[in-house]
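J.: Could you build all of it, start to finish, from the sequences and the hints given here?
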Amino acid sequence: MRDDGAWDRDPVPDPVLQRLLGRVSVPPLGETDRSRLEGAIMSAVGREAARITAPAWWEIAARWAPAAAAAGVAAVLLSGLVLFGSRFQASAAGEAAPETAAVAQVIDRYPGDAVLASLISGDDSDALSPWREP
Amino acid sequence: MSSPRGAGPRDDIAADAALVERVLGGDAEAFAPLVRRYLQPAYNVAYRLLSNRQDAEDLVQEAFLTALANLRSFDRSRPFGPWFYRIVWTRGLNLRKSLARRAAEPLEAERHPGAADPSADAERSDLAETVLGALAELPERQRLIVQLFDLDGFSGAEIGEMLGLNPGTVRWYLHQGRRALRERLAPFQEALDEG
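Sequences listed follow chains E and L, in order.
Residue numbers for the first sequence follow this note's numbering, beginning at 1 and rising by one.
Residue numbers for the second sequence follow this note's numbering, beginning at 1001 and rising by one.
No lab work stands behind these hints, which were simulated from the structure alone.
Possibly wrong hints are sitting among the right ones.
Stated by the list, open to error - Stretches of chain L that chain E covers, calculated by requiring three or more beta carbons in the stretch to come under 8 angstroms of a beta carbon on chain E:
(1) 1076 to 1087
(2) 1136 to 1146
To be verified - Derived DEER-like restraints, expressed as beta-carbon distance ranges:
(3) Ala67(E) / Asn1094(L): 40 to 48 angstroms
(4) Val12(E) / Ala1136(L): 53 to 61 angstroms
(5) Arg1076(L) / Asp8(E): 26 to 34 angstroms
Claimed, not checked - Short derived list, chain E residues pointing at chain L, Cβ under 7 angstroms:
(6) Trp7
(7) Leu17
(8) Val24
(9) Pro28
(10) Glu31
(11) Ala44
(12) Glu48
(13) Gly72
(14) Val73
Heads up, the beta-carbon is just placed ideally off N, CA and C, and yes, glycines get one too.
T.: Spelled out as structure tokens, the structure:
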């Protein structure tokens, strides 16, 4: 029943003290109690597991972060291209628009005029339609 | 009961880590081997703290659910046992505060079912009373450390992790507690040796 008093390692178990304490100690769980408690714990675990082990939102976010970042970059690039393209088309259309509108007005005003139509359509052949007396 | 003494062999650590991995992957049944392995030591810790069987069972159940809820924070390179016993201990302290009236009651002495012998002689009864009295006179920390070490087989390091103490400090408390018990129980040494 003696310790050597060293604090850097555990003392050896004291069999006499163990026997004395064992006389008043609670026994370990019996097999029946143990099975009952184990069953109760596992049924509680079954009820709680789905909720408890479901990943937290930040874990889901972290899992998808690389894909989300790549998708974000792609979206920015794509929208930049679309924006740039539409601006380019708009400026080109802006330059052509007045002329096109004016030509349309002329064509509407003289619907049967083949010469005018030929001029407007850019037909540069020399072949003229036969002259007819009006 | 699986002996808790020692930090646990590496293969136990690896086996527990694999089970934890499976549980986190959604396999709740993988928690069952952990429950089987750590139920008895956890119950002993709970009983030392609460001195009541039903409260100890409730605490163990609650501690397993708490461990499950915090499984992601468990460092799988370390042994599961000390981490889990720490949960039992801290939740047990909280539970004991809410059961403060019971904490004031004397230590509960329970006999082994097989030892419930009506013909137990007066000397043995005196011895049990004296042991209980000597334990009750110890400062609580010393008493718990002596019981956890000498009866339940926890190592100084495990007790230290549980109680938030340096292992050297645990061993000092153990030394003090043992010395006090030996002084009180010295008169019974001869009777005990006779069996």
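J.: Under the constraints set out in the numbered hints, which ones does this structure not fulfil?
T.: 1, 2, 4, 10, 13 and 14
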